[in-house]
Structure formats: C-alpha cells, structure tokens
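Enquirer: The chain contents come next:
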Amino acid sequence: MSQPSPQLPRAIDQGLANCESCGKITPVVACRCPRCGSTLHLRKPASLQRTVALLVAACALYLPANLLPIMTISELGNVMASTILEGMVEFWHRQAYPIAIVIFVASILIPIVKIVALVWLCAAAAGKVHPSPRILGRIYWFTELLGRWSMVDIFVVSILVALVQFGAYMTITPGPGALAFAGVVVLTMFAAMSFDPRLLWDRLEIMNATETPSPTTDHE
Amino acid sequence: MPEGSAARCRRCGVLLYQNRSASLVRVTAFSLASLILMGIVNMFPFLTMEANGIKTELSLLRAASELIREGSAAIGWCVAVFTLVAPLAMAGGMLYVCGPLLHGRAAPGARHVARWLSRTEPWNMIEVFLLGVLVSLMKLGKMADLCFGVGFWAFAVLMVCMAAAVAGIDRNELWDRLEVAAE
Numbered sequence: 027m028s029q030p031s032p033q034l035p036r037a038i039d040q041g042l043a044n045c046e047s048c049g050k051i052t053p054v055v056a057c058r059c060p061r062c063g064s065t066l067h068l069r070k071p072a073s074l075q076r077t078v079a080l081l082v083a084a085c086a087l088y089l090p091a092n093l094l095p096i097m098t099i100s101e102l103g104n105v106m107a108s109t110i111l112e113g114m115v116e117f118w119h120r121q122a123y124p125i126a127i128v129i130f131v132a133s134i135l136i137p138i139v140k141i142v143a144l145v146w147l148c149a150a151a152a153g154k155v156h157p158s159p160r161i162l163g164r165i166y167w168f169t170e171l172l173g174r175w176s177m178v179d180i181f182v183v184s185i186l187v188a189l190v191q192f193g194a195y196m197t198i199t200p201g202p203g204a205l206a207f208a209g210v211v212v213l214t215m216f217a218a219m220s221f222d223p224r225l226l227w228d229r230l231e232i233m234n235a236t237e238t239p240s241p242t243t244d245h246e
Numbered sequence: 003m004p005e006g007s008a009a010r011c012r013r014c015g016v017l018l019y020q021n022r023s024a025s026l027v028r029v030t031a032f033s034l035a036s037l038i039l040m041g042i043v044n045m046f047p048f049l050t051m052e053a054n055g056i057k058t059e060l061s062l063l064r065a066a067s068e069l070i071r072e073g074s075a076a077i078g079w080c081v082a083v084f085t086l087v088a089p090l091a092m093a094g095g096m097l098y099v100c101g102p103l104l105h106g107r108a109a110p111g112a113r114h115v116a117r118w119l120s121r122t123e124p125w126n127m128i129e130v131f132l133l134g135v136l137v138s139l140m141k142l143g144k145m146a147d148l149c150f151g152v153g154f155w156a157f158a159v160l161m162v163c164m165a166a167a168v169a170g171i172d173r174n175e176l177w178d179r180l181e182v183a184a185e
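Order-wise, the sequence lines are chains A and B.
Following this note's numbering from start to finish, the first sequence increments by one per residue and tops out at 246.
Following this note's numbering from start to finish, the second sequence increments by one per residue and tops out at 185.
There may be inaccurate statements among the hints.
[Said to hold, decoys possible] Covered, in the sense of this in silico footprint (three residues per stretch, anywhere, with C-beta under 8 angstroms from a C-beta of chain B), are these stretches of chain A:
1. 179 to 192
2. 202 to 216
[To be verified] A few chain B residues that don't get close to chain A, going by computed Cβ distances all over 12 angstroms:
3. Leu26
4. Gly41
5. Val152
6. Ala156
[What the hints assert, rightly or not] Across the chosen pairs, the derived CB separations fall in these ranges:
7. A:Ala235 <-> B:His105: 47 to 55 angstroms
8. A:Leu171 <-> B:Ile56: 35 to 43 angstroms
9. B:Val152 <-> A:Met233: 53 to 61 angstroms
10. B:Ala166 <-> A:Gly41: 35 to 43 angstroms
Keep in mind that the hints were calculated from the coordinates and are not lab data.
Cβ atoms here follow ideal geometry from the backbone N, Cα and C, with glycine treated the same way.
All chains, please: the whole structure from these sequences, using the hints.
Expert: Here it is as structure tokens:
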C-alpha cells in the first residue's frame, strides 16, 4: 500500500478465468472449463453476499451454542447439564491445563476469531476498511486452515454418548447446544469457502488507482 | 524441472511450484493403504470401556449411530459424513483417478471424480476425531477402565496415510496427465 504498484495486466481485464477446480486459465466466454467441465467464473458468484449471509447465520447460532448444554450427564438419578465453557473449566480445575487450553482454543477462540476475521475480510473487500494486503493474506490462510478443528467438541460428545451407556448408573445424552455448535462450525466453513480472496486485490487495485493517479503507469 | 525440486521466487524466496517426486505412485499407494485401514478400523473394536461390570464398545459407526438413536440425527449425520463418508470418498476417489493414470489411462468419469475430490477435502476430519478421542479419554480418565483395540491403532495409522495421500496430490500434474490421457 505504501507505493503504487505498476499496473500489471490482470486476468479479469482480459476476460480470462482461473478454473476453481483444476486451475486452468481459459477465456470466460467458454462458460465451461475445457479440461474439467466446471462452470467458469471470473470471481466466485455473489461471494460477498453469500459469505455475509452465512456469517449472520453463524453469529445467530453462536450464543445458543455456548449457552445451551452440549450434553447432559445423568448419574444415579442426578441430571447434570454441561456447556462447552463448563467442560473447559472442569479440566482447568482438575489441572489438566493442556487439554483445557486445547478446548478453549478449538471451541471458543477459533470460532470467534474466524467470524471476526471473515467479517473484516468482507469489510475490506467491500471497501469499508482499509486493507493491508500482507495481514489479510495471513488471516485468510488462518481461517481456511483452522476452522475444522472446532469440530473436536462435537466428536467428544459423539464419543461420550456412544461409550457412556451404563443404564441407571450413568448415561450421557447429547444436548441442544451441540446442534447449534455444529451449525456454527459448518456455517463458518461454508462462509470461508464462499469468500473469494481475489476481491481483496480488486479493491486494492481500485484504491491505488483512485489514490495515486500516476500517468506513467497507465500504459504498459 | 527435475523431480523433487522446487521453483522459488527470485526476489523473496517464496515457493512457487514444487515438482513432487513420484506424486502419482505415492497417492495411489497411500490411498490404497487408507482403504484397507478403513476396513480394519471398522471391523475391529476401537475402544472398549468397562465400569461396574458393564462393557461398552466404541466404533466409528456407533459414534454416529448412537447420536441418531438419541434423537440428534443432524449431528449424527454430520459425524458420519466427517469420519466415514468423506474419508472413504477421498481415498476411493484418489485411487480411482490416480491408479489408471499410472498407466497413462483415464478412468471413465475421472474428471468428475477429480473435481469432487478438492471439494470433499475440507470435510475429511479424521485427525480432528482423533483429537476428540484424546479429549474424551481425559474426560473419562478415572471413571472406568479403558482399553484400546486394534481399530484405534489402525485409525492412527489411517490418519497418517490419508495425510500423506492428500499431501502427495499435485493438482497441476494431476490435471495435465488427465488431459493427456483423455485425448
């Protein structure tokens, strides 16, 4: 952002599309990739709208996911509901710090960081905040890489439900929070997939062009 | 470019392209191994637990089916997709595409399978499931006697094989070869 980059020719200006499945570069007028048969787009269709819609849905589920119990433990007639946060605190009290930290990072930190990061990426692509290319690239990479690890809590519930079936002595059943939490994870994964990072570079291009109109870089 | 070497940007040294050595052979071998291991994982007990004389057994199938039986069908199906369907589709798909390509042939419909492979990849969560097993063990710890079965160890190896197979895929090479083979 500090210096205007020389205006390199862009694929979008020449009507060239990069196939999302196989990476072949083809004129977009062909409609379908000649190599793999996918539909060609210059940019992912309605990328921002889809990402924002999925994020709104994920935000709506985030509160019930953390407030409602993800599982209920009935032990000798005592019924105890447990939320994600309580599960983490319990590990902390038992001095199982590494596991408590893993749960905290996977179930609480990653979803919220992912939602905030994607909202920021969308805002940057829409030109609402000033983007810094290097940081944005890192964030995009981070959201793509780490999102799936949030699923660990759902797997814990499924494992405990399958294993702890001791009739009246002790049983574990899934709670409503689990569904909401799984929803948050799946929705943020879809949101990250529907976001097109090239929109960020398009926006930078527009900003560079409007901020520093230098006549020397126009014709190359 | 020779096999196993990489092209880097002259200015900043970022990896541009890597010609992975024996990419197709590796993907084929590891996906075949993954399929065999999946059979073992589902045939042998994964984890058994004993408390107060009652014995319960965990398997991948039961982890999903118990949730469906308990009335959380949506999560149950999610778990089934992430731990059974997606890994099976990935390993099967990779073998189906890369096996014939080793002999310069494209299997019928290989383009469609290859296209779906990249879309299935993020939903294959066996390594996350393994972390889930570890967390569950910590949770159950003192409550009962736990015993790892053959299925568990096979699952751990499966995770490594799947990761190796997926890491071996070279998208450019795969599609170049598919294009040549289809002609």
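Enquirer: Tell me the hint numbers this structure goes against, listed in increasing order.
Expert: Violated hints: none at all, because every hint is consistent with the structure.
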